[in-house]
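Q: If you want the building blocks of each chain, they are given just below.
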Amino acid sequence: MRNNTSGARLILFATLATLCIGLGGAYVVHAVLRPGSAGLLGPPDGGKAVFDIARDGQGKTLVVFENRASGPDRGQVAVWDINSGEWLRTMMPLTCARVHYAGGHGLCLALDQDNPAAFAAYVFAPDTRVLRKLVLNGLPSRARVSPDGRLGATTVFSSGHSYSDVSFSTETNLVDLESGMVLANLETFSVTRDGSPFKSEDFNYWGVTFASDGQRIYATLATGGETFLVEGRIDSREFKILRENVECPSLSPNGERIAFKKRIGVESWRLHVLDLATGTETALAEERSIDDQVEWLDDARVLYSDGVDIWAANADGSGKPEVYIGHAQSPGVVRPPVPSG
Amino acid sequence: MQLATRTTCGETVYQIESSRQVLAVGAKLREFRLNRTVLLLGLTSLLTDISSEMVTVVLPLYLVLSLNFSPLSFGILDGLQMGGSALVRLVFGYFADRFRRPKEVACLGYALSALAKLALLFGTSWTAIAGFIVTDRIGKGIRTAPRDAMISLSSSKDELATAFGIHRAMDTAGAMLGPLIAFGILIVAPAAFDAVFVVSLCFALLGVGVIGLFVRHEPNADGASGAKPVNLGQAFGLLRTPGLGLVMMAGAALAVTTISDGFIYLALQQRLDFALGYFPLLFVGTALAYMILAVPAGRLADRIGRPVVFIGGYGILLAAYAVLLLPMTGAFQIALCVALIGGYYAATDGVLAAMASALLPAELRSTGLALLSTVTSIARLVSSILFGLLWTWQGMDVAAGIFMAGLGAAIVLSVMILKGRTAHAK
Chain A
1 MRNNTSGARL ILFATLATLC IGLGGAYVVH AVLRPGSAGL LGPPDGGKAV FDIARDGQGK
61 TLVVFENRAS GPDRGQVAVW DINSGEWLRT MMPLTCARVH YAGGHGLCLA LDQDNPAAFA
121 AYVFAPDTRV LRKLVLNGLP SRARVSPDGR LGATTVFSSG HSYSDVSFST ETNLVDLESG
181 MVLANLETFS VTRDGSPFKS EDFNYWGVTF ASDGQRIYAT LATGGETFLV EGRIDSREFK
241 ILRENVECPS LSPNGERIAF KKRIGVESWR LHVLDLATGT ETALAEERSI DDQVEWLDDA
301 RVLYSDGVDI WAANADGSGK PEVYIGHAQS PGVVRPPVPS G
Chain B
1 MQLATRTTCG ETVYQIESSR QVLAVGAKLR EFRLNRTVLL LGLTSLLTDI SSEMVTVVLP
61 LYLVLSLNFS PLSFGILDGL QMGGSALVRL VFGYFADRFR RPKEVACLGY ALSALAKLAL
121 LFGTSWTAIA GFIVTDRIGK GIRTAPRDAM ISLSSSKDEL ATAFGIHRAM DTAGAMLGPL
181 IAFGILIVAP AAFDAVFVVS LCFALLGVGV IGLFVRHEPN ADGASGAKPV NLGQAFGLLR
241 TPGLGLVMMA GAALAVTTIS DGFIYLALQQ RLDFALGYFP LLFVGTALAY MILAVPAGRL
301 ADRIGRPVVF IGGYGILLAA YAVLLLPMTG AFQIALCVAL IGGYYAATDG VLAAMASALL
361 PAELRSTGLA LLSTVTSIAR LVSSILFGLL WTWQGMDVAA GIFMAGLGAA IVLSVMILKG
421 RTAHAK
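Residue numbers (the working numbering), protein chains in the order written: chain A, 1 to 341; chain B, 1 to 426.
A hint or two may mislead.
[As the list claims (entries may be wrong)] Part of the chain A face toward chain B, derived, beta carbon under 8 Å: (1) Val28; (2) Ala31; (3) Gly75; (4) Met181; (5) Leu183; (6) Phe198; (7) Lys199; (8) Asp202.
[Claimed, not checked] Derived coverage of chain B by chain A (criterion: at least 3 residues anywhere in the stretch with Cβ under 8 Å from a Cβ of chain A; other residues may be distant): (9) 192–198; (10) 360–372.
FYI, nobody ran anything at the bench for these hints, they're computed from the structure.
The model shown is predicted, which means the values in this text are computed figures rather than measured ones.
Glycine included, every Cβ here is placed at the ideal spot set by N, Cα and C.
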């Protein structure tokens, strides 16, 4: 009697094991063989890119963003010509977790092609050729390229080794995109507050934005449970604190205003714009909590992602925000060069 | 047949003694089956840990890619989770005792965690991820206490720590294999997170299969005694179990002054400045030491006394902190620290369960173990919040110094408490 039941159990388990091993094995084989865009990086085998931002986008204002529409090209970098009036997105052979493009260089934070357990930052050319790789020390958070395309900034969560870890630590590096060298970890900059030195063990930086001169930068500094807007210069490696409760600053193209997210509660932010000359803050018409680094479309409008779509809102707080590009994130606006003079 | 009481090294052990040869043979046979239960539960945990660690290790990568999730959001989700899972643990611990069905309750827990993987496979939204994490944790909360109760009830009283050691060693082996399998899949199929989840589901189902089909809950003599089902009054009466409160007090005092591994590894990383990519290796190293030392530590605890080994384990942890504060640097410091932390786990985790099991009445074993793990996990949560705050405000050295002093004091306190218990028991 007992032998019979234990025999039946053995057969049942053998069936379960066969099914499980068969299913798991078959699925892995399927995953290996399927044509995936997930690991895609750069034009295949030196082939020609479908779109060259410099060549095909000459004289146009483009938005380079990450496509989030479900399908095989989810996560791929896409380009949209804002004047074409068509909701046409041109897919580029790059898949990124974060992307930003400006001034002839793009920065793509993606799964490291050589290490499945890590992310890397890839610098790419206007035709999406990958120029170089930079190792990242954590999970990607933000990527920014300076308007002239010479410098980049990457922010990672450096203690995100376990999803149950409550400790929070970021690492933000300035990178020379031409050489691929890390210029500085922002934590090595000296900081002053009201003219006197300011220092603490728990400094964390994120959300860098570059001025058009390629030297001045703004960023978020977090310490002791507060966040500050800092302004500094790359050559002297100095920051000074401008004001409190400013996260993810983004400098307008004319350098006069900074859009940012202001914390109004636990995990809750409201988008604001700060006028640098007068120090006045204006709340944008977006009433939802937004956790993104804003991108300026022009001097009057900003773009941001709510996690699903890219939205546009007026920078003076007027009007109503609207969906600008559906199922997209990480917008980077490429403008035709302003005639000097 | 008579029930005799003997005391070994502070442990009160009840043993059935008999002169009848037949009973001795029976005991031998039973002993064989006990080991079978422990081994099968170990196998279940091994398969389940492969499954859950496969997911844990790739989840941050997956979420950054698919959901634009920040690690901070996890922390909050996790915090909210804690309270709920403690309640689930107590309720199902009691159910296991009330209906005398620890196996079925544990089975339910394993099955829930397996099913949770479906949320990852079929959903990419915030809610799907939250659903996965919540279901997975509830499953873990449900199964742990009844499983440990079965381990203890199927082992003889003087081999409890060894039995837990065997189980923990197998459990940890699974935790080590999981990440290797997950990364193996991602190497052959880049970014194929769905494949990782499918394989994880397969391992989880195999785990459920082992416990559901092969584990027979056949408690030893004192587990089978008592004809009436327990009621809530008796469950609350547990708090009056002689010695249990003291063990819980010692366990909580030690846990609250313990720095979580995550912080220790982070401190090592800051001190030695190695690439964060090597971080997972620290976990693997610790798990390896834990796996190797779990059985010897259990055996030692059964021989020389569980409180000695248990408190000694925290002494080892104190030594690990000391290594952290030493001025020397290099691979040796990392290896030593990792080995000591592994040793600390081996000497404390299963041994505490064994200590409590020896005190708890058989019919309330699951409830009691659930209570103990709730108390210690709350203590750990408090510790991690406190340490995080101290680190933020005062820096790593001050925070570590304060916790070392606190742990030292907790060790002295525990020695006094557990000595007192021995005296009391005598």
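Q: For every hint, state whether the structure bears it out.
A: Status of each hint after checking the structure:
| no. | hint | result |
| --- | --- | --- |
| 1 | Val28 | holds, 5 Å |
| 2 | Ala31 | holds, 4 Å |
| 3 | Gly75 | holds, 7 Å |
| 4 | Met181 | violated, 17 Å |
| 5 | Leu183 | violated, 18 Å |
| 6 | Phe198 | violated, 15 Å |
| 7 | Lys199 | violated, 11 Å |
| 8 | Asp202 | holds, 5 Å |
| 9 | 192–198 | holds (count 4) |
| 10 | 360–372 | violated (count 0) |
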